[in-house]
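Chains as they are written, first to last, in our numbering: chain A, 275 to 573; chain B, 33 to 344.
Simulated from the structure, these hints should not be mistaken for laboratory data. Treat the hints with caution; some may be incorrect.
Unchecked claim - Using C-beta positions, here's what the derived DEER-type ranges look like:
no. : chain 1 : residue 1 : chain 2 : residue 2 : range
1   : A       : E513      : B       : V38       : 49 to 57 Å
2   : B       : D183      : A       : R285      : 44 to 52 Å
3   : A       : A329      : B       : Q308      : 24 to 32 Å
4   : B       : D310      : A       : S542      : 53 to 61 Å
5   : A       : N343      : B       : L197      : 28 to 36 Å
6   : A       : P478      : B       : D310      : 53 to 61 Å
7   : B       : K264      : A       : P555      : 26 to 34 Å
8   : B       : P85       : A       : R336      : 28 to 36 Å
9   : A       : R285      : B       : R147      : 44 to 52 Å
What the hints assert, rightly or not - Taking lysine to aspartate or glutamate and the EDC-like style, the derived pairs with C-alpha atoms no more than 20 Å apart in a straight line are:
no. : chain 1 : residue 1 : chain 2 : residue 2
10  : A       : K408      : B       : D322
11  : B       : K120      : A       : D503
12  : B       : K120      : A       : E513
13  : B       : K264      : A       : E513
All residues carry an ideal CB built from backbone N, CA and C; glycine is no exception.
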Amino acid sequence: MTPAAESPPVRRLDHDWFAFRTAGQARVPAADCRLVVSLVVVLQHFPLDAKPPFAVPGALDRPYPDFGNYTQRESGLGHALWRLTDEIEACGVPASFVVERQALPWLEDVQAVLRDPRHCLVAGGEHAVRLHTKEMDRDTERRIIADCLRDVGARFGRPVAGWRSPYGSQSPATLELLAEAGVRYVGDFANDDRPFGIVAGGRPLVAVPMNHFYSDLHFIHACRQHVDDYAQATLRAAEWLAAEAQPAPSVLSLVVHPWIMGATHRVSAFASLLRSLQALPGVRFMNSDQICAASVADA
Amino acid sequence: MTVSQVLRDNGWPFLPRIPRGGRPVIRWPDEARVAFWIAPNIEFYELYPPVNPVRPSWPRPAPDILNYSWRDYGNRVGVWRCLEVFDKHRATGSVSLNAAMCQHLPEVVRAFVDRGWELFYHGLYNTRYAFGSSPEQEQQDIAAACRIIADFRGERVRGFLAPALTYTEASLRAARQAGIDYVFDLFREDEPFPLNPALGRMLSVPYQVELNDFHHLVVGGLSPRRYVEQFKAHFDRLYREGEASGKVVGLPLHPYVIGSPHYIGALDEMLGYVRQHDGVWHATAAQIADWYYAHAYDQAVAHIEDPSERAA
């Protein structure tokens with residue numbers, strides 16, 4: 275056995291993408307704000323004939339052709355999405371829409387929302403279960419990233435600065451390819467309530483919180499919680515984060531999937547949650563482009 | 033499948049039966065009904081761990097960025113939030129520690145040492161499992177990890193919780209041979225209990241899986257409100273039973289779970305609830321074990337039924 279004192283030096287983290295939380299970390303500027311709430315709406319398309327390479331929550335998990343789950347998920351690009359966007363517009367809060375490339379043909383009816391400069395667009399990959407893994411070759415992944423950035427931006431006539439992979443999946447090359455493609459920020463990380471800097475392939479990225487484990491997909495779909503329990507826990511989380519706002523406010527990411535949160539029996543409770551969050555002292559809603567821009571300015 | 037001779041040779045059954053009438057009456061210091069200790073799991077998960085022959089380290093292919101970064105949340109954010117709540121309630125306990133944390137992120141471990149918390153063995157990394165190890169290798173691995181912790185803390189490591197609750201048939205014997213005095217992997221009882229004397233002088237100290245935040249908030253999906261209710265019911269029952277003979281409430285926690293903003297309020301409420309009660313001994317696992325060794329161990333061992341009668 276080798277005594278610890280004689281062991282070779284150990285790296286603090288076992289990668290070079292970012293540092294443990296120390297000086298130099300990007301932060302949302304404080305101003306008059308104690309908490310930033312970031313509403314993230316994920317627009318997923320589940321092809322009827324596609325299976326993910328590993329299990330993910332919400333995928334079509336019955337044998338082909340899974341008409342039931344397919345159409346229930348498709349409500350998230352139709353009625354459930356319309357309901358949800360109606361509530362978001364009624365509250366007047368900004369949102370970040372993560373758009374998968376294959377979801378684009380379904381979004382005609384909400385194009386006014388998606389063009390609204392109050393909101394921003396984030397590239398969400400090819401489709402819900404086109405997961406990025408080490409088996410995806412580099413050229414294929416590069417093309418998927420480029421196609422999604424180009425087509426989502428072109429469809430709504432707006433630039434796309436951010437990326438969020440389907441189910442947070444990444445290959446060993448994903449971050450480097452995103453940075454190479456000019457992406458400014460990525461929402462795949464669940465390790466902080468504040469933005470932080472990443473270096474991938476020698477280029478900078480910002481990790482903007484879009485935490486899957488704070489999402490309806492996690493709490494309601496995977497954990498089977500009632501929407502009232504989800505709303506109560508989210509409100510308590512906001513109060514806790516607002517109370518610990520020093521030295522800078524945190525970001526509470528509110529990640530929702532319309533096929534879950536836009537369901538008839540949930541959407542009103544979610545709208546009430548948005549209003550409760552708006553009423554908290556010192557809370558400011560920001561979209562992810564704004565958070566990224568503020569973080570870079572303050573880093 | 034029947035229990036193998038190898039397992040019998042390694043001390044099975046680990047917890048022999050002691051008849052209800054032969055058990056020592058436990059009177060904790062100051063006549064406390066309940067000994068309360070907290071077990072934060074301070075863990076390092078590797079992005080590309082070595083492949084284990086029995087269990088994958090991650091639910092998804094490497095690099096499992098989503099789950100890796102979630103675990104990283106515990107060391108980066110959650111643990112500091114937990115420490116504020118621990119300090120607020122003057123809580124104490126024993127850290128279930130991946131030894132590699134002493135090397136990678138020593139400031140996290142130091143924060144507990146500075147507060148007087150015990151450190152105990154919980155593997156080298158939480159992505160390296162005992163499954164598939166030979167007895168010799170397992171004993172060497174345990175000893176090596178304990179040495180890292182002992183060098184950091186300046187104190188012998190006495191407690192054992194297998195990394196990610198992974199075992200071999202020889203795990204507990206290997207732990208004893210590495211100098212371990214008490215283990216937390218045996219979930220049968222709500223009070224300390226002597227292990228089969230064939231293993232040597234060793235105890236089980238309750239680390240209650242029925243309270244484990246990961247098991248109930250993540251696997252079980254409980255809302256924080258329900259989790260608090262479950263904790264209070266658990267505590268209330270043992271507090272009541274503890275009037276006749278002392279019990280242990282051991283609270284296993286993971287900062288990447290309980291340290292999130294959605295759940296931290298539950299921890300605050302639970303610890304506040306415990307502080308509302310008189311007759312609670314706030315202790316480390318080592319203090320609980322030492323008290324049991326000094327006051328109850330010999331009587332309990334004297335009443336153990338012959339394990340061979342039940343080793344089926």
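Outcome of the hint check:
Under the hint 49 to 57 Å, the C-beta atoms of A:E513 and B:V38, about 54 Å apart, fit the expected range. Checked against the hint of 44 to 52 Å, the pair B:D183 and A:R285 fails, with Cβ atoms roughly 19 Å apart. The beta-carbon spacing between A:A329 and B:Q308, approximately 43 Å, falls outside the hinted interval of 24 to 32 Å. Judged by the Cβ atoms, the range 53 to 61 Å given for B:D310 and A:S542 is violated: they are separated by roughly 45 Å.
Between A:N343 and B:L197 the beta carbon distance is about 33 Å. The supplied range of 28 to 36 Å therefore holds. For the pair A:P478 and B:D310, the beta carbons lie near 56 Å from each other, so the given range of 53 to 61 Å is met. Our hint of 26 to 34 Å for B:K264 and A:P555 holds, since their Cβ atoms are close to 30 Å apart. Look at B:P85 against A:R336: about 32 Å separates their beta carbons, and that is inside 28 to 36 Å.
The hinted window of 44 to 52 Å between A:R285 and B:R147 is violated, with their beta carbons roughly 27 Å apart. Our distance criterion of 20 Å between C-alpha atoms is broken by A:K408 and B:D322, whose separation comes to about 50 Å. In summary, the hint linking B:K120 to A:D503 is not supported, as the alpha carbons are separated by about 26 Å, beyond the 20 Å threshold. Taking the CA atoms of B:K120 and A:E513, the gap is about 18 Å. The hint holds against a cut of 20 Å.
The suggested pairing of B:K264 with A:E513 is violated, with an alpha-carbon distance near 23 Å, which exceeds 20 Å.
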